[in-house]
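Q: Residue numbers 1 to 490, in this note's numbering, belong to the letters of the sequence shown in order.
There's no promise every hint is true.
Here are the computed lysine-lysine pairs in the DSBU-like style, where the Cα-Cα straight-line distance is at most 30 Å [to be verified]:
#1 385 with 145
#2 69 with 24
#3 24 with 191
#4 45 with 243
Think of the hints as simulated: they come from the structure by calculation, not from any bench.
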Amino acid sequence: MKTAAESPPTEDDVYPVHLLDGTKLFRSLLVCYVFRFNHVLDAQKLHASLSTLLEIGDWRKLGGRLRLKEDGRLEIHVPRPFTLQRPAVLFTHQKLDSSIETHPAGRHLAKPSNSCSSNRHNQSQIEAFAQRPDSPRSVKDLIEKEMPQLSLHVTSFNDATVIALLWPHTLMDAAGLNLLLTKWSLVLHGKGQDVSPVACARQDMLEQAELQSHEEREEPVVNRLRPGLFGLIVMVARIVWHKMCRTTYETRTIMLSGHDVLQLRQLAERDISSQLEKEDGKALVSESDVLAAWGAKLAASSQQKSRPITIYSYINARFRLPFFRSTPDKECIQNMILIAYASLSAQTATEPLGRLALSHRRQVAEQSTTQQTLAYFAMQRKHAKSHQTTRVLFGDPSANTLNFNNLTKFDLFRAMDFSPAVAAGQQDTAGGNPPGTVVVFYPLVLNDTPSMDMLCVLGKDDADNCLMVGSFLPRTWVKIEMELQRLQSS
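Input sequences plus hints: build the corresponding full structure.
A: Below, the structure written as structure tokens:
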């Protein structure tokens, strides 16, 4: 594997990969988001505007190449200038003289609906939109072949466009993606002068947030859920077993109308009203709590025997630390993911929806205060310095797990406005969404086999539908389909 010591071009700019960004977990993940548009877009304009963005100030960091240093850590080498031989983006374009509805994978990309539904899709077919013969297959590929961190592949149909954007998770999280898409749109609109600078290109903003906090440090609450050595072995063994045996997790898109989501939230509030009256409390459950509880309850109802469930809830530190609200004019593109762990006993997992949502809310709230967020990242930084990895396995070793991620706050359905790239004669509102805006998108981890239940809330589309992607066992999907039928008939 090539290292930074192997005489990189002297004209390269060198940027750091921050401590938590460069951990083993993120190094193992090649992320791809696949976006469907109901208009024909000019692929060359999209590529040119993205490349232009990556020429602005420290946005150049995103156009660099990963290099392995002698101490085993990563850094980013950015060509100065970018050239045809060393571009900012690996760009490919495929033009198909057909409708997206006749394409074997394209026809399964969900479209807005007025009713709740699930749509089964084959991840390998969706990945086909992202991977060309020369595309990277791993972070190792990026390093050894000196490839750009960002790959852009555009598939053009007669009536639609599919855009796939691929990057290593060492670069950014979904919040960083939101910033990238927003600024890309600005450049496409000819407003490159409005692109704000990147704040974290050379400084680790998580470290700065920790250094600038003068309050007394707390012990991470999550340490109460830390498994012992035997428990950790059990948890790792279960993950390895699922991957080796290729346990059949099916991935589908779930669509709930705004009315369906409201029904679930009202049901949850009714469930907990009597309990809260006894406690003299308030119904402080969010829509996110309700959806997490909904997924956990359906997974629990399909289990062959009653077992505890641990919900791994992904939270972004940008929304938890006041430090990041003090720099609104600067963009921060790095990973800031905190995992909160909501442990539900076997009995709790079968209780009414509202009680599960309330339990989730209370545990997540306790683990994600300002001080707890700082304590969590201090713990992870300490572990990463000595092990180059983070601690992610917490909770009851005997429990089933549900990975829950809610991307609604990042508003990825509205982060892109690619209307200047819409082909002539296609400026009408197609399929109910404005020209140049996304209809649906799919977050993928390439070449990854699911090893646990997963529910990812993508957000709300222009018709107020709540779109989600779930990976569950077939028996769980039977329960989900029954639940969708119940919602549709009520």
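Q: A separate judgement is required for each hint: does it hold in the structure or not?
A: Evaluated hints:
1. 385 with 145: Holds, at roughly 27 Å.
2. 69 with 24: holds (15 Å)
3. 24 with 191: It is violated: about 38 Å lies between the C-alpha atoms, which goes past 30 Å.
4. 45 with 243: violated (41 Å)
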